[in-house]
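Chemist: Sequence:
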Amino acid sequence: MKEHLSGTRFSSDSDVKTAAEKWLNGQGRDVYQAWLNKLVLRPDKCLNNDCFNIPKQALLDDFTPERGIRR
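Position one of the sequence shown corresponds to residue 0 (numbering that gives the first Met the number 0), numbered consecutively onward.
You may find that some hints are simply not true.
Said to hold, decoys possible - With a straight-line cut-off of 30 angstroms between C-alpha atoms, the simulated DSSO-like cross-links for lysine-lysine are:
(1) K16 - K1
(2) K21 - K37
(3) K37 - K1
(4) K1 - K21
(5) K37 - K16
Everything labelled a hint here was simulated from the structure, so no lab data went into it.
Throw the hints in and build the complete structure from the sequences for me.
Modeler: Here's what the structure looks like:
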């Protein structure tokens, strides 16, 4: 979404929200399924590696529909 909306000027917060919702609604089911799978695997990965410090935004940073899910 960041790449999609980059450089766009919005006149109000509601315009930003509308553009974001349009973009999200246009994404395929596979994109969301891949993100959910990643969301489920991350805690397991941490528990298996004895790490309990998940960086803020780590889950969302891995979600890039244009390039798929980074692993």
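Chemist: Name the hints, by number, that the structure is in violation of.
Modeler: The structure conflicts with no hint, since it agrees with every one listed earlier.
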